[in-house]
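Colleague: Chain by chain, the residues run as shown.
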Amino acid sequence: MQSPPDVRHPPKATRRWADMVPQLVLAPTLIAALVWVIGFSLWTLWISVSQSTLLPDMAYQGFEHYAKLWGSKRWTVAYQNLFIFGSLYVVGTLIVGTLLAVLIDQRVRFEGIWRTIYLYPLAISFIVTGTVWRWIFHPNTGVELALKDMGWVAARFDWITDRDLALYVVVITGIWHASGFAMALILAGLRSVDGDLVKAAQIDGASMPRIYRRVVLPTIWPIFVAVAVVLLQFAIKTYDLVVALTQGGPGVSTTVPAIVVYDLMFQRGQIAQGAAAAVMILVALALVLIPYAVWTGWQKRKEGTRHG
Amino acid sequence: MADATTHQEFDPLATGGMRRRLVSKAIVYGALGLFALVYLTPLLIISLNTLRPLEDIVRTGFIALPEAETMTLRYWGEAWGSFCIGGTCEGVSRFYKNSLMMTIPATVLSTLFGLLNGYVLSKWRFRYDGLVFGLITLGVFMPQQMTLLPWAFVLGKLGLSNTIGGLVFVHTVQGISFTTLFCRNYFVSIPDDLIKAARIDGAGFWRIFRRIILPLSPPIVIVTVIWQFTGIWNEFLFGTVFTSGANQPITSAIVAFSGSGTGERHYNVEAAAVIMAAIPPLLIYVVGGKYFVRGLTQGAVK
Chain A
0 MQSPPDVRHP
10 PKATRRWADM
20 VPQLVLAPTL
30 IAALVWVIGF
40 SLWTLWISVS
50 QSTLLPDMAY
60 QGFEHYAKLW
70 GSKRWTVAYQ
80 NLFIFGSLYV
90 VGTLIVGTLL
100 AVLIDQRVRF
110 EGIWRTIYLY
120 PLAISFIVTG
130 TVWRWIFHPN
140 TGVELALKDM
150 GWVAARFDWI
160 TDRDLALYVV
170 VITGIWHASG
180 FAMALILAGL
190 RSVDGDLVKA
200 AQIDGASMPR
210 IYRRVVLPTI
220 WPIFVAVAVV
230 LLQFAIKTYD
240 LVVALTQGGP
250 GVSTTVPAIV
260 VYDLMFQRGQ
270 IAQGAAAAVM
280 ILVALALVLI
290 PYAVWTGWQK
300 RKEGTRHG
Chain B
0 MADATTHQEF
10 DPLATGGMRR
20 RLVSKAIVYG
30 ALGLFALVYL
40 TPLLIISLNT
50 LRPLEDIVRT
60 GFIALPEAET
70 MTLRYWGEAW
80 GSFCIGGTCE
90 GVSRFYKNSL
100 MMTIPATVLS
110 TLFGLLNGYV
120 LSKWRFRYDG
130 LVFGLITLGV
140 FMPQQMTLLP
150 WAFVLGKLGL
160 SNTIGGLVFV
170 HTVQGISFTT
180 LFCRNYFVSI
190 PDDLIKAARI
200 DGAGFWRIFR
210 RIILPLSPPI
220 VIVTVIWQFT
230 GIWNEFLFGT
240 VFTSGANQPI
250 TSAIVAFSGS
260 GTGERHYNVE
270 AAAVIMAAIP
280 PLLIYVVGGK
290 YFVRGLTQGA
300 VK
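Just so you know, the protein sequences line up as chains A and B, in that order.
Numbers 0 to 307, taken from numbering that gives the first Met the number 0, label the letters of the first sequence in order.
Numbers 0 to 301, taken from numbering that gives the first Met the number 0, label the letters of the second sequence in order.
Chain B extracted, bound-state conformation (with noise of 0.2 angstroms):
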């Protein structure tokens, strides 16, 4: 055993003597494994029925594993080119797209925008500058349904009803909220006097946010566009309200086909729909974790 030479750092399932410390190990890494196991299953099976025939889900549900010679890819093309949702027989892949021409622009947007907030709001101090600070962060905590009427309204007026712009322009309004929080508390830790001393360098207000504060950024970019790409990527609410029919997003095309509980099931493809919505997210989750995690922390104990 490596650690048992060096323990001058205290690791607790190190103390006792060499039985206790074996059992606690097991309880320890028996209970990790079987959490472990209830956080991947329920992915897991509805990943596998992704290519199990109709009838053996039928018959058995959705708890049992696919047999090798039944096994095919077929329900995963169905379900992007030519499963029918709400009358029209295409496939998620149109509501995909409207995903991520929802999600793209705003989140591109809102990042923009939440950096130069922040940038003025943690280095141009003026007077009110807290107040305002704190107006733009009361949005994080609005609750979307008091905002759902003039919403559309505005959007009514502006005619952007039942468009993907007008879901990209809610979200980069309300999407300000959170990156220019997370970009003013990330740059308040910037040194005043590196802005100083640019200042006195004669540099303007542009330069010194392209010179100094967006080579500093990057850490909190990737955050911000984390945060806002599965924000928006999962919203449902909006997407339903502001849209219908073939513009909706792809999360409220999943509630349309596998909440309406008439007609024949088609469980596989449906599956396979659900998982590919979960793609993207989760994709951005796997390969940024430790940022996800950071935004987290901070866009909630803020």
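With the rest of the complex left out, here is chain A (with noise of 0.2 angstroms):
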């Protein structure tokens, strides 16, 4: 580390203080940080092997709360849960989102507006959205009702109470909430490749459809790798959109892993065992977060060394 330029120097006493003001100033966010990233982690972690039930008991256990955990079905749905709902809402929120930025792309007129709507749903809640969807989704308040209404008795659209499809409906929300998002990073991507080699690639006859799939998309890989980093990020977290949703319904079909946690620490008082969960949501986190930090790191060495 570098030490501070060089100062004229005030009087000994003052300057010792004045040298220390930096780091005073930092010193409430330090201690906040280390009792609340540090501390706090490393406390639910110990509950997770504590022998706490409904309040905590400090004595230590052991893993079997973490063997109970993967044991009870709700926590493996859940998890398979996760795997189906992350995958299909990472992957159709990059296509969408790749879809809206190449529209945009096309030197259309009014972006601002287009762009303004995309991304709105990315500013109200997931509650809101949640809730939102939920009566349009649901056979009673929503779509299947209108159909009947316009005369289609037998319409049916009832995928919401569907054990086997409601999490789809998440999905689709899911995506219709984050899509903007994708576009406005994928858009400035495409902002930044070069001309020249679109022009090129024209030069050699070739269409844009596939200029853009062989030319100008595969050239801005990285940024669909961190988008589709923070989206896993999203999927892992989510809770308040399933709970606006369907609060985890029909029967377990639709819950995912933090709501598993909530209810456990708050409904159920097995406060070890929803520990022992909330550490299984930071292991998935560090699986995905881990590797990205370490492949960005050694991209950036590469590109030092490239550049002398």
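Fair warning: there could be bad hints in the mix.
[Said to hold, decoys possible] A few chain B residues that face chain A, going by a derived Cβ cut-off under 7 angstroms, partial list only:
#1 22
#2 26
#3 41
#4 43
#5 204
#6 207
[As the list claims (entries may be wrong)] Label-pair distances were calculated between CB atoms; the ranges are:
#7 204(A) / 30(B): 36 to 46 angstroms
#8 85(B) / 267(A): 53 to 63 angstroms
#9 33(B) / 187(A): 19 to 29 angstroms
#10 85(B) / 194(A): 32 to 42 angstroms
Simulated from the structure, these hints should not be mistaken for lab results.
Glycine included, every Cβ here is placed at the ideal spot set by N, Cα and C.
With the hints in hand, could you dock these two chains into one complex?
Modeller: Structure (structure tokens):
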């Protein structure tokens, strides 16, 4: 680390205090971060191997709570749902986001307005989003009733109350919420692509869809990785959306890990097992983020050596 | 066609023959319009249903237009002032106030801390400053679930259980990770020579902050305030876990009335309440759109 640049020297005592000011300003944040990032993590980790049930009991018990957790159907379903939801949500959002970004990239008029429309869902809460889409998807209030009212009496659209299909309702709503975000980042990437590259391909007689597929999109692949990592994080942390949309049901068909954590901790009074579930969420996040951090670090270093 | 005469710059839609050009334009605008419809319709339908009488909604559902003669703003009034949520019949006004009293202080405090921290971490290097920065920004990735039990304990010890003050405290501490990240990354681009020159002129820590850093800060302050405000206003889990009853923020109140499947539903009033909850962040988004996107890009990719 560098020492601060040379300054004119004030009297010694004041100087010592003055030198400490930056550290003093940072101290509250540093203490807070130490406590809630490191301290809280260790705390929850310890609870997960303690004898706690309804109330914290810090006596050590071991890893039984993890075993019980993985033995419970609710949790395995939730984890499975996370995989299905997560992969469809990430892929779907990337596809829709790319499509929107490419469309806007066609030098369209009123670009600002299109962008504003596609991105606004991100500003409103998951709770509002979930509630609105629940009304639309629910057979008693939404599409099905409207179709029946129009005279199609046999109309059926009840995915949200169907055990096998409800999860896809969560996926669709999630994509609706996040695709504008993917669009914004991908569009920024498209704008950074060298125009000459496109011109060259065009002179070679390639069509526009082909140019995007073969030339433009492949050059911005690191952006896709970055967006996918952020979306995966969203997916792993998903909670409010499901609560507002389906409350995890019907049955446990749309339950996700974060919902299980809440239930175990605050509804069923099994805080040790709830803590174990929370730790599993942290592990999932780490499995996504650590490789990504290592990869970007490696990428940066490679770039550094290339530029001398 | 104005753009037909000037295409020195590359314009994908201006390639090929006239006919092909028209067709591709139609496809592009058609697709854009279709997507716009998909994005706008849900909120639009729900907004229109705030004006419809309940029996209409029960009969035809949400997907229908209001009839001119029965349209009324009454339900907005009910949603705001007299709707019963969890036993109290004061509408969402009370929860709205809770949300404001939680969001505004937490936004201001976390932004102030973020500015100071970012300033220190970018301009006053010291031993292990990288490590400190790393530790603080690690908070950005922390899943809330890992902190629920410790927070509940800490809030209890501080006497802040079930208070708005407790939520302000939690959101401020958690928010500082984001604000510090934003501000530090922004201040890094302010030339060090500027700071060095000021120090040679005898300016100290605070003077440099006031005279150099703050005047350059408005863009990042806007980004940070927008990010924090929308994030905290929209937050649900902490509000639900750390407060109950009349002390909950608006997001929890919405789930409280719309999630309970029992009793008669008041869809029009509920719709009005939901739209009300969406208005503050939407307003901020529309007014500060550019900065919202900037925050998003920085908050996301880092």
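Colleague: None of the hints should be skipped; say for each whether it holds.
Modeller: A quick look at each hint next to the structure:
1. Interface restraint check: residue 22(B) against chain A, minimum CB-CB distance 12 angstroms, threshold 7 angstroms, status violated.
2. A distance limit of 7 angstroms between C-beta atoms decides the matter here; for residue 26(B) the minimum to chain A is near 9 angstroms, and the interface restraint is violated.
3. About 5 angstroms separates the beta-carbon of residue 41(B) from the nearest beta-carbon of chain A, less than 7 angstroms, and the hint is met.
4. Restraint check, residue 43(B) versus chain A: the minimum CB separation of about 10 angstroms is more than 7 angstroms; hint violated.
5. About 4 angstroms separates the beta-carbon of residue 204(B) from the nearest beta-carbon of chain A, less than 7 angstroms, and the hint is met.
6. About 11 angstroms separates the beta-carbon of residue 207(B) from the nearest beta-carbon of chain A, more than 7 angstroms, and the hint is not met.
7. Restraint check, residue 204(A) to residue 30(B): a C-beta distance of roughly 25 angstroms breaks the suggested window 36 to 46 angstroms.
8. For residue 85(B) and residue 267(A), the Cβ-Cβ distance of about 22 angstroms falls outside the hinted range of 53 to 63 angstroms, so the restraint is violated.
9. The hinted range of 19 to 29 angstroms is satisfied by residue 33(B) and residue 187(A), whose Cβ atoms lie roughly 23 angstroms apart.
10. A hinted range of 32 to 42 angstroms is violated for the C-beta pair residue 85(B) and residue 194(A), which are about 58 angstroms apart.
Checked against the numbered hints given earlier, this structure breaks hints 1, 2, 4, 6, 7, 8 and 10; the rest are met.
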